[in-house]
Every structure is written in structure tokens, then in C-alpha cells.
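Please model the complete structure; the sequences and the hints are all you need to start from.
Just so you know, the working numbering puts the end of the sequence shown at 1075, numbered straight through with nothing missing.
Because the hints were derived from the structure by calculation, they are not lab data.
Watch out, some of these pointers could steer you wrong.
[As the list claims (entries may be wrong)] Pairs of lysine to any residue, SDA-like flavour, derived with a Cα cap of 20 Å:
1) Lys1035 <-> Ala1052
2) Lys1033 <-> Ala1022
3) Lys1021 <-> Ala1031
4) Lys1021 <-> Ala1032
5) Lys1033 <-> Ala1023
6) Lys1021 <-> Lys1033
7) Lys1071 <-> Ile1060
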Amino acid sequence: MAMPPPNKKPEVIELDRYRKAAEVRAAEAAAKAKAAQRRPNERFLGSRRNAGWLLVLVIVVMTALIVGPKLLHL
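Given below as C-alpha cells:
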């Protein structure tokens, strides 16, 4: 193995700033994950404005298809 030249000073690397940068990135990622986890404005039926009316329409049609023929046979 080759030895470094005797007149070259060894370099000292400061790891503190790398650790702090890693902590900041981890904190930002955690904050972003927490913000993505909670969505207070999300509606029950999704983002469609007419989803409630469509659900009511489907229920009425299904009820008519099931109950209608029974009422005709009375």
C-alpha cells in the first residue's frame, strides 16, 4: 500500500452539517407525510358535486326494479 506523502496534511471532514441536513430532510419528510395523511375537506362521496343525487337515483331505480313487479302481480 502506498503511504501518503509526508508533507500533505490529512483532511478533516465535518460530519455535523451532514447530520443536521439529514435531520432537516427527515423532519420535512415526516411533516409532509403527516400533512398528506389528514384531509379534513375530503367529502364522503368524493369530489363530485352530484354524487349524492346519483346515489339516490340508483337506489330509487333498484327499488323500482325489485318492488315494481311485485306490486303489478297483486
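Taking the hints in turn, this is what the structure says about them:
Between Lys1035 and Ala1052 the alpha-carbon distance is near 28 Å, which puts this suggested pair outside the 20 Å criterion. Of the supplied pair hints, the one linking Lys1033 and Ala1022 holds, its CA atoms being roughly 16 Å apart against a limit of 20 Å. Taking the CA atoms of Lys1021 and Ala1031, the gap is about 15 Å. The hint holds against a cut of 20 Å. At most 20 Å may separate the alpha-carbon atoms for a hinted pair to count; Lys1021 and Ala1032 meet this at roughly 16 Å.
For the hint linking Lys1033 to Ala1023, the alpha-carbon distance of about 15 Å falls within 20 Å, and the restraint holds. Restraint check for Lys1021 and Lys1033: the C-alpha separation of about 18 Å stays at or below 20 Å, so the hint holds. Between Lys1071 and Ile1060, the direct Cα distance comes to roughly 17 Å. Compliance with the 20 Å bound is thereby established for this hinted pair.
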